[in-house]
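The lines below spell out each chain.
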Amino acid sequence: MDTTTDRSGDVRLTGISRTYGSFTAVHPLDLTVPQGSFFALLGASGCGKTTTLRMIAGLEEPTAGTVRLGDRDVTALPPHKRPVNTVFQSYALFPHLDIFENVAFGLRRRGIKSVKKQVEEMLELVQLGEQARKKPHQLSGGQQQRVAVARALINHPQVLLLDEPLGALDLKLRRQMQLELKRIQTEVGITFIHVTHDQEEAMTMADTVAVMNAGRVEQLGPPADLYENPRTTFVANFLGTSNLIEAEADATSGDDVLLKAGACTLALPRARCSAPTAAGGRVLVGIRPEKISLTHADESAGIPAGRNRVTGRIAATSYIGVSTQYVVDSPVCPAFQVYAQNIDRDPRLVPGAEVVAHWNPAHTFGLDAAQDIGAGVAEAGVPQAAEEALA
Amino acid sequence: MTALTGAPPSPTPATPPTPAAPGKKPPRARGRLTPYWLLLPGILWLLVFFLMPMVYQASTSVQTGSLEEGYEVTWHFATYWDALSEYWPQFSRSVLYAGSATALCLLLGYPLAYLIAFRAGRWRGLILILVIAPFFTSFLIRTLAWKTILADGGPVVGALNTLHVLDVTSWLGITAGERVLATPLAVVCGLTYNFLPFMILPLYTSLERIDGRLHEAAGDLYASPFTTFRKVTLPLSMPGVVSGTLLTFIPASGDYVNADLLGSTDTRMIGNVIQTQFLRILDYPTAAALSFLLMAAILVMVSLYIRRSGTEDLV
Numbered sequence: 282m283d284t285t286t287d288r289s290g291d292v293r294l295t296g297i298s299r300t301y302g303s304f305t306a307v308h309p310l311d312l313t314v315p316q317g318s319f320f321a322l323l324g325a326s327g328c329g330k331t332t333t334l335r336m337i338a339g340l341e342e343p344t345a346g347t348v349r350l351g352d353r354d355v356t357a358l359p360p361h362k363r364p365v366n367t368v369f370q371s372y373a374l375f376p377h378l379d380i381f382e383n384v385a386f387g388l389r390r391r392g393i394k395s396v397k398k399q400v401e402e403m404l405e406l407v408q409l410g411e412q413a414r415k416k417p418h419q420l421s422g423g424q425q426q427r428v429a430v431a432r433a434l435i436n437h438p439q440v441l442l443l444d445e446p447l448g449a450l451d452l453k454l455r456r457q458m459q460l461e462l463k464r465i466q467t468e469v470g471i472t473f474i475h476v477t478h479d480q481e482e483a484m485t486m487a488d489t490v491a492v493m494n495a496g497r498v499e500q501l502g503p504p505a506d507l508y509e510n511p512r513t514t515f516v517a518n519f520l521g522t523s524n525l526i527e528a529e530a531d532a533t534s535g536d537d538v539l540l541k542a543g544a545c546t547l548a549l550p551r552a553r554c555s556a557p558t559a560a561g562g563r564v565l566v567g568i569r570p571e572k573i574s575l576t577h578a579d580e581s582a583g584i585p586a587g588r589n590r591v592t593g594r595i596a597a598t599s600y601i602g603v604s605t606q607y608v609v610d611s612p613v614c615p616a617f618q619v620y621a622q623n624i625d626r627d628p629r630l631v632p633g634a635e636v637v638a639h640w641n642p643a644h645t646f647g648l649d650a651a652q653d654i655g656a657g658v659a660e661a662g663v664p665q666a667a668e669e670a671l672a
Numbered sequence: 415m416t417a418l419t420g421a422p423p424s425p426t427p428a429t430p431p432t433p434a435a436p437g438k439k440p441p442r443a444r445g446r447l448t449p450y451w452l453l454l455p456g457i458l459w460l461l462v463f464f465l466m467p468m469v470y471q472a473s474t475s476v477q478t479g480s481l482e483e484g485y486e487v488t489w490h491f492a493t494y495w496d497a498l499s500e501y502w503p504q505f506s507r508s509v510l511y512a513g514s515a516t517a518l519c520l521l522l523g524y525p526l527a528y529l530i531a532f533r534a535g536r537w538r539g540l541i542l543i544l545v546i547a548p549f550f551t552s553f554l555i556r557t558l559a560w561k562t563i564l565a566d567g568g569p570v571v572g573a574l575n576t577l578h579v580l581d582v583t584s585w586l587g588i589t590a591g592e593r594v595l596a597t598p599l600a601v602v603c604g605l606t607y608n609f610l611p612f613m614i615l616p617l618y619t620s621l622e623r624i625d626g627r628l629h630e631a632a633g634d635l636y637a638s639p640f641t642t643f644r645k646v647t648l649p650l651s652m653p654g655v656v657s658g659t660l661l662t663f664i665p666a667s668g669d670y671v672n673a674d675l676l677g678s679t680d681t682r683m684i685g686n687v688i689q690t691q692f693l694r695i696l697d698y699p700t701a702a703a704l705s706f707l708l709m710a711a712i713l714v715m716v717s718l719y720i721r722r723s724g725t726e727d728l729v
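Taken in order, these protein sequences are the chains called A and B. For what it's worth, the working numbering labels the leading residue of the first sequence as 282, then goes sequentially. For what it's worth, the working numbering labels the leading residue of the second sequence as 415, then goes sequentially.
Keep in mind that a hint or two might mislead.
Said to hold, decoys possible - Derived contacts from chain A toward chain B, CB cut-off under 10 angstroms, selection only:
1) K362
2) R363
3) A373
4) R390
5) R391
6) R432
Bear in mind the hints are in silico, worked out from the structure with no lab data behind them. Please read these numbers as outputs of a predicted model, since none were measured by experiment. No residue lacks a Cβ here, since even glycine has one placed at the ideal position from N, Cα and C.
With the sequences and hints as input, model every part of the structure.
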């Protein structure tokens, strides 16, 4: 994210935390959001992402720590004095004002008299020029959402905060608005900080994603990096689906670590392992379901050498258009998931069939086995996994 | 009444007629009549206790005659004009007192309603009960209590005198010397006290419905707390302000108890005049005419007010 050399617009959170009585919503957190970036705070509900956002907006007072915009410490400023605007989860449009006046609200409060041209341009940007004189309740959910964006953006804030802005929209509209928001962000070049629980939304839109869990940032990075190289089980499970196999480091071979899991030996590039790999060390070996190929046990001889292999029996299959999802019951992993593209479907791959799941060791990642293997599974939920497979 | 037993006329031809099942009443007919049956008790009540007395009063107001010889409808509309020209001071005094009491109720009630709606937290229920608590005693007793509170030489009057408040109010002509009782101030105080809950409750209801996130959104869009109140909270609470002022002003302008118990002959309101005409002088036509004049005046004022405040435009 070093594309911008100007650092004066960065959002810097230093040691920021928030506690409510004995409950800690946000643990001391250091975070820098570079100017002009589209930054996503991703996590399940209650992970502290919205509290973090509200502290940047000034709607929530941090228990400790500072919020800086560029070089300016804004920690003590009330919200109406911060050069920051928010798109609220439920839009919070003023029901007694029409769309035009909703959008003009911020400009008028700053004493700007001639707002007409600016408001019209902004409504044009969000494609609502025709609706200027309607009241918010006369608009559809997607239109209200665009009004909320326009109302915040017209003030040219240093940072635009979006609090689950697409949560109330249906799936199709959400997709459309994701692209729309990304387009607007590219067009205006303002820093966007987006809070969401939807991993797909975060990955589609943001340049940088911070995955939060229980008041802490688990991992931060570009979406592809987070997905390919998760460093904690929470990230591995929350972002998409991961198969995690408990294994023990055995030996090394070149740049790879060889691990033993039951009867299988799995290779893992040392660079992709965030756990200590001394012999006898416990490691969780991870592999994404779509990186795996499935071959019937009768043809296992044809599998090229050097690939990681796990044997098992198909427990369930589900055909979902672009791919077929298999759940393989394996001695090393009770519910080993495999997503296969529907290109050449082997008719023998039905529940009960003995199979070999195999993959290129380069796609394998290693995690510290001291963590909870199931972290983030419940939060991510089944529907999202299904959605992702459909995409 | 025939409409209640037969099927109601269908409002548009677009409604398809229920196919008549031979030999059997269509089951939906009963269901369609249910709303009318539910309306019946209320309509009967209004007919007997509202419309009939109104018609009776209207006819009384255009009668002439005397108590001994009996009254007769002679369409003597001059009674209205005579009543208005004789009692217009009491009319204007009623509007003035009720208006002052309404304004005071709004000034006292709005901050309290705001506090209950946004700041009271777990005390909300208790404060609401305290607002309603006075209703557990009779209106008359509460008004009489004010006689003691404002008694000559009592602590309230003494304190106001020491603070020289009475000098100011006497100069304004709303108190007389060292007396508060039997002055306009006493009557307005009584009206304000008695009708305050009718202001607070609708205000509270409309304030409580305002989404707290709108305050946050306004703050986020550079509105200071005061501007947020002026531009968001106040406009959104206008339905409460309008219904609160109506619920206060309308009964206050027809009230006679406060003026009777806390006032003097110089503070008589139109309610007192009507009461005297009906019950002491027994001049029924004048009393009836005055009642209708009061009603007409209130209707005109209220409709102007509602049109002016434009509440029908609010969500």
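Numbers of the earlier hints that this structure fails to satisfy, in rising order: Result: no hint breaks.
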